[in-house]
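S.K.: When you get a sec, could you build the whole thing from the sequences and use the hints?
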Amino acid sequence: MGDVRLKTTITVNGEPCALDVDTRTTLLDALREHLKLTGSKKGCDHGQCGACTVLVNGVRINSCLSLAVMHDGDAVTTIEGVGTPDNLHPVQKAFLTHDAYQCGYCTPGQICSTLGMLKEMEAGVPSQETPAGARPVLSDDEIRERMSGNICRCSAYPQIVAAIKDVAGVAA
Amino acid sequence: MTSVHDWTPNNPVKENRSGLIGKPVDRYEGPLKVTGTAPYAYEVQPPSPPAYGVMVGAAIATGRISGVDIAEAQATPGVLVVWTHLNAPFQAPKGTKAHPRSSAGSRPALENDRVLFFGQPVALVVGETLEAATAGAHRVKLTYAEDAPDVDFPGSLDRAISPVGEEDMEVGDFPRGFAASPVQIDATWSTPIQNHCQMEPCASTVWFEGEKCVAHTSIQMVKPAQHGLAETLGIPRDDVHLLTRYIGGGFGGKGQTYDDLILAALAARALGRPVKVAYTRQQMMHGTIHRPATVMQVQLGAEKDGRLNAFSMMTWTHCHREGNFTEHASNFGRALYAAPNRLTGHRLVKLDLPGAGPMRAPGEASGTLALECAMDELAEKLGIDPVELRTLNEPPTDPENGRPFSMRQLVRCLREGAQQFGWDRRLPTPGLVRDGRWLVGMGMAAAIRGNFLLPAKCSFSVDADGVITVRQGMTDIGTGTYTVLAQIAAETMGVPLGQVKVEIGDSELPPAPGSGGQFGAATAGSAALAAGQNLRTAIAELATGDEASPLFGGRPADVTFQDGVVAIANRSETLASLIRRAAPEGLTVEGEIKPAQDAREWSQQTYGGHYCEVGVDPVTGEVRVRRMLGVFAAGRILNAKTARSQLTGGMIWGIGSALTEGNPVDVRYGSLLNQDLAQYLAPVQADIGDLEAIMLDEVDDKANPMGIKGVGELGNSGAGAAVANAIYNACGVRVRDYPITPDKLLAGMIARGM
Amino acid sequence: MRPFTYERAVDALGAVRSAAATPGARFIAGGTNLLDLMKLEIEQPQHLIDVGRLDLAGIAPMPDGGLRIGASTSNSTVAADPQVLARYPVLSQAIVAGGSPQLRNKATVGGNLLQRTRCAYFYDTTKPCNKRAPGSGCSALEGLNRNAAIFGASTACIATHTSDMAVALAALGAQVETLAASGESRTTPVIDLYRLPGDTPQIETSLAAGDLITAVVLPPPPAGGQIYRKARDRASYAGGLASVAVAGGQVALGMVALKPWRAHATEAALAAGASPTEAIARELEGASPLGRNDFKLPLVARLSAAAIQEANGRGA
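Residue numbers (the numbering used here), protein chains in the order written: chain V, 1 to 172; chain D, 1 to 754; chain W, 1 to 316.
None of these hints come from the bench; they were simulated from the model.
Ideal Cβ positions, reconstructed from N, Cα and C, are used throughout, including at glycine.
Check before you lean on any hint, since a few could be wrong.
The following label-pair restraints were derived from C-beta to C-beta distances [claimed, not checked]:
| no. | chain 1 | residue 1 | chain 2 | residue 2 | range |
| --- | --- | --- | --- | --- | --- |
| 1 | W | Thr-277 | D | Ile-161 | 49 to 57 Å |
| 2 | W | Glu-142 | V | Pro-90 | 49 to 57 Å |
| 3 | D | Gly-19 | W | Arg-292 | 55 to 63 Å |
| 4 | D | Arg-434 | V | Thr-11 | 49 to 57 Å |
| 5 | D | Gln-297 | W | Arg-292 | 24 to 32 Å |
| 6 | W | Thr-125 | D | Phe-90 | 31 to 39 Å |
| 7 | W | Arg-292 | D | Asp-158 | 18 to 26 Å |
| 8 | V | Ala-18 | D | Pro-100 | 51 to 59 Å |
| 9 | D | Phe-90 | W | Glu-7 | 53 to 61 Å |
| 10 | D | Pro-236 | V | Thr-11 | 43 to 51 Å |
| 11 | W | Ile-203 | D | Leu-157 | 21 to 29 Å |
| 12 | D | Asp-435 | W | Ala-272 | 33 to 41 Å |
| 13 | W | Gly-286 | V | Gly-133 | 32 to 40 Å |
M.R.: Structure, rendered in structure tokens:
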């Protein structure tokens, strides 16, 4: 079989993007190689590190484990849609202030994951840290468990927790 | 010839008039990193659309490629080029140095039919798209004449020999001293192969501009990469412009060139268009270096009062058949504790495993997992507190060579740590503390890591706006190089941080050795300070020699630099107005640092103390680090924020070494079991409890002109041992075979009747 | 990946008919496991039928007091569902013990059930594996098999099934509802969905080619407390060494076999009044560890006894 291409329209950071992609193209590669939005990172390409985390219709997912053609009509938010160097989002500012990154490669995924995580908290999605039957509270351990889908090999983990607590308005 | 005494005079960094040295400022490149706009090597946008290269790894550990069938790969739609050793372009033979002063020789890829390790790149497929190239790579059919791999490290200890050029270090008479000691510890620890797992896999984007090869890659050291690529391609070194501006983690694993760079360059030249090549995560595990496994025997002989009579640490380790790397896990022990009778050394066996090499705190990371646990066992045997045992054995001078310590605050680190952590609440008898379902214990360990200074250059420029630009062929692998260079520049030139630009990671900038061995900040920073001092001199001469300047006629030595203003007493003007008028094209000067001739007359180390509290689940043997504190002494700290991050990061590496990380060898195939990040378990957020790192005030005048030392490796040294000792205190089980996984701890608890 | 065609299914019947009519067709919904394996060419579909947006989502009460969970409901949605949290907490706990939040947001109930083993030799395509390349041999048998099965393995395959969710579903006695190309709907107990390896480890389920999982149906929850516990090497985002789901007197074990292992012997012993420790020991009499995975016996024994005890406490 030769290559199969399909036309797909994905709204990325508020802009409708008409793509003509190989069916094999992942959402991550569509962002990075086709749309030149290289903020979403490829750390493992198998859903094992979280560096590719983006928000699809407001929900955080691993963009490496999804095909671009599966997202026709979806609204995708990448790190580029969160804020810019001159106009940082509060979560980005908190990461900067708390030094919640070192090499920076996992950072866009951590930040997108934080945004998704805070929404999940609001929605009452449980984690294995949440006591049975209780509504989750954003404790340090809840943050740690809920951010465990994003590996940081530089290990800025304590700083990431501090940044998230800061931005979520929890006393650090 | 430089002497450390030449570094004693005051300089702008020591004076720190603006207070920028040590200040916890945000990272210089932070706004780019938190917005995803810092382009890493695979993300640099080339001048025309790139082709995509995908490598194929060998399916055997050792032998020869006996058959090559690339027909299907070539026929794959979108595939442009398929190379194996049969048709790869010419490269200079391995090790060639056409230029005798090249810092690295040729390292050809796809060189011949020999397979030297599992996963060795043996083919390259370049396609119009990543999907096409990947599909093509899967269609490359290779057959092998396989030799039986010699990869069983535990089974080859008796073949291990002293590394070439190394002798055991002997002081006094260890066997006699040990035999005569009333209290002895003699035990063996083992550590597994570990992988760096930098979040960014090695990657390169390369194109040619005429004869010039423009290569963006992810590497810790610029010059060897530039020279090695030029030598391999057989072109003049100046025809390679190598850039590595943002690096997604290094940890020692990106200290050398890999085939992504070589193959991307070859393909870019052959195709006449930009080519990008990256290792897949799976390929990283075998295709790049790893921390080798060790077996470490520690023998401690002590008097009943706790003083060490005899100290020995022998390390067995391995490296690649054609490699030359020793995991010097015994070395740090030579400077740590006093004992009149000493024996330390290493035994190395060469195997058909992938390349062994440096990984964060090489030597200390593995070695402290043995020695610092042995000290814990000795303390228990003696009935002495582990902190006191270490204090008792504090040497007045270097215990091997008698040299004075340039600065040694180990005991202070240990005491401060004990106090801040609440060490006095620890019960020496294990297994007595419970919190819910968890058994709780505390452990501690000492940290040590040597200090080095290497030669480096740096340039400083000032332009007509008074903006200072620092240029250096240095790298920032997440360590904070951009930021500390900006701080040094701003402090030295008396300008606000916002008036400084930093350009690094470029082979056309003044050379620096790069990031590694904890020497980066001291080396690069000292060169920057020198450049700054030279620029101050040039500006002072400019101002005092310029009739239009209010400073005219003054003594250059009296010129001060602060708040963007140059002044002599109350005569002043802004730096910008001076330059705009007197040197509108700007000024550029270079500075240089060289190691002091007499630096080795002092024993130079950084130190620390780790304190850890863990919970052990008595049902499953699962361990959770509840809290951990490190107190460190590492010279003057340039940036309290980035240094703390380095240290806590290192501590977490210690937690990973203690609890989760390791890659077993399947001796049948010569391959590692864990080939991705689901199988190789680097710590995640949930593994890490409350963590803190404290840095003591220190200035080490023997280290370099700034009195700073490094922290990148120090946090890792000893951290895992503190975890292991805490586990013992929690549940009474000592596991000497790392990592301490639930299966091993469970077996120990069952054996204790728990 | 090999090239493939792609269609977005309009309705379930259309999806199963397309699957029956198209060679090499596979369903995709979340894709978190299928794409993982396609990238390694362990899976090589020629045609993907995207069922992710079919009307198979949603969680609704059943007339008998049970609960029906649509197959394309995301794992996160199930874990957060108030009815699940209130009446089937073991299911919610099991789901959040697996993968990462990002994976659970994407992965669906149907896909979770059909995830393939995480055996390292299955993933390493340079090694023999009867599941991946039937007849090539089992590399794990004499290999680094610390995480191998202790129940129901064969010399052809000693891998485990690694779904956490499926263990809870097994304990709850859930049924899987499937749709065939004929239009016929069928229900199968979750524990019968999976086949033990025998000589044909490549055949993993009792589904016929082209069958689509449309829902999971939970019977009313059994009386008694519920709990899921999992032991693992890393605190989160890691496969298990062993797990146990308890729902009243019903017990299932995870990561010990190529299927979620319903501990019938334990259940019978508990019903007969045995202590949790005695009851789990009955089950483990049937275990066949291989050496490197011997630790799973005491681990399962201790983990299960503690979980049963705790569930009893909750149910009281």
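S.K.: Could you check the hint for me, namely that W:Arg-292 and D:Asp-158 are 18 to 26 Å apart, CB to CB?
M.R.: 24 Å, holds
S.K.: Honestly, do W:Thr-277 and D:Ile-161 meet the 49 to 57 Å range at C-beta?
M.R.: 52 Å, holds
S.K.: State, for the Cβ atoms of D:Asp-435 and W:Ala-272, whether the hinted interval 33 to 41 Å holds or is violated.
M.R.: At 36 Å between Cβs, range holds.
S.K.: Can the suggested window of 53 to 61 Å be confirmed for the beta-carbon pair D:Phe-90 and W:Glu-7?
M.R.: Violated - the Cβ-Cβ distance for D:Phe-90 and W:Glu-7, about 48 Å, lies outside 53 to 61 Å.
S.K.: Does the hinted range 31 to 39 Å hold for W:Thr-125 and D:Phe-90 at CB?
M.R.: Hint holds: Cβ distance 32 Å, inside 31 to 39 Å.
S.K.: At the C-beta level, are D:Pro-236 and V:Thr-11 separated by a distance inside 43 to 51 Å?
M.R.: 50 Å, holds
S.K.: Mind checking the hinted window 21 to 29 Å against the Cβ distance between W:Ile-203 and D:Leu-157?
M.R.: 45 Å, violated
S.K.: Between V:Ala-18 and D:Pro-100, does the C-beta distance stay in 51 to 59 Å?
M.R.: 56 Å, holds
S.K.: Holds or violated: the 32 to 40 Å window for the beta-carbon distance between W:Gly-286 and V:Gly-133?
M.R.: 35 Å, holds
S.K.: Return holds or violated for the Cβ distance of D:Arg-434 and V:Thr-11 against the range 49 to 57 Å.
M.R.: 54 Å, holds
S.K.: Cβ-Cβ distance between D:Gln-297 and W:Arg-292: within 24 to 32 Å?
M.R.: The hinted range 24 to 32 Å holds for D:Gln-297 and W:Arg-292, with Cβ atoms some 25 Å apart.
S.K.: Would you say the C-beta atoms of W:Glu-142 and V:Pro-90 sit inside 49 to 57 Å of each other?
M.R.: 55 Å, holds
The structure fails hints 9 and 11 (numbered hints given earlier, in ascending order).
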